[in-house]
Amino acid sequence: MSKSRQQEIVLEWLRDAHSKGQQAVDLYEKQADRNRNYPEVQARFNQYVDQAKRHQRMLEESIERLGGKTSVLKDLGGKIMAWGQSLSGLPMDDEVVKGVMFCYTFQQMSIGAFRVLIAACEEAADHQTKAVCEEIMEEDIAMANWIYEHIPLITRKYMQREMEGRDG
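Terminal number for the sequence shown in this note's numbering: 159, no gaps in between.
Incorrect hints may have been included.
As a list, the in silico BS3-like pairs of lysine-lysine whose alpha-carbon atoms are at most 25 Å apart [as the list claims (entries may be wrong)]:
no., residue 1, residue 2
1, K21, K89
2, K44, K(-6)
3, K60, K44
4, K60, K121
5, K21, K44
6, K44, K148
7, K148, K89
8, K148, K21
9, K89, K44
To be clear, the hints were calculated from the coordinates, so they are not data collected in a lab.
Based on the sequences and whatever the hints tell you, model everything.
This is the structure in C-alpha cells:
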C-alpha cells in the first residue's frame, strides 16, 4: 500500500473519530442534564463535555494538517445518533441507569476506534497524529474507568430514590 493511501485511510478514520466526538458532546450534555439528582455524575459528565470539545479541536487540527476537512455529513450523523439515544431513554423510568450504561459502552467503542487509529498512524509513520490519538484515548480510558467505578453507586442511589418515591 502506498504512503499516500495510508494517509487517506488515517484521514478517513480521523473524520470518523471527529463525528464520534460530536456525538460524545451531544450525548454527555444530555446525560449531564438528566443526572441533576446525581451531582457527582453531572459534574463529571460536564467535565467530559469540555474534554470532548477539546478533542474535537485536536482532531480538526490533525485533519487540516493532513490536508483534509471534517465531514459535515458524518458530524450530522453523530448528532442524530446522540439525539436518537437521548430520545430512546425518555419513556424509561430508569433512564439514568441506562444512560450511564450507554455512556460506558460508548467510551469502549471510542477507545477501540482510537486503538485502530494509533496502529494506522504507526503504519503510516504519522507520529504527530498518533500522539493526538494517544492523548484522546487516555482521557477516554479515564472516563470509561470513572463510569465503571461509579455504576454501582449510581445504581444504588437510583434504587434508594425509587424506594423513597422520588424521581430517578
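Going through the hints against the structure:
This hinted pair checks out: K21 and K89 have alpha carbons roughly 13 Å apart, not beyond 25 Å. Between K44 and K(-6), the direct Cα distance comes to roughly 30 Å. Violation of the 25 Å bound is thereby established for this hinted pair. In summary, the hint linking K60 to K44 is supported, as the alpha carbons are separated by about 17 Å, within the 25 Å threshold. Using a Cα cut-off of 25 Å, the hinted pair K60 and K121 holds, with the two alpha carbons roughly 18 Å apart.
At roughly 15 Å between alpha-carbon atoms, K21 and K44 fall within 25 Å of each other, so this suggested pair holds. Of the supplied pair hints, the one linking K44 and K148 is violated, its CA atoms being roughly 29 Å apart against a limit of 25 Å. Restraint check: the Cα-Cα separation between K148 and K89 comes to about 14 Å, which is no more than 25 Å; the hinted pair holds. Straight-line distance between C-alpha atoms of K148 and K21 comes to about 20 Å, which keeps the hinted pair within the 25 Å bound.
Proposed proximity of K89 and K44 is supported: the alpha carbons are some 24 Å apart, at most 25 Å.
Of the numbered hints stated above, those contradicted by the structure are hints 2 and 6, listed in ascending order.
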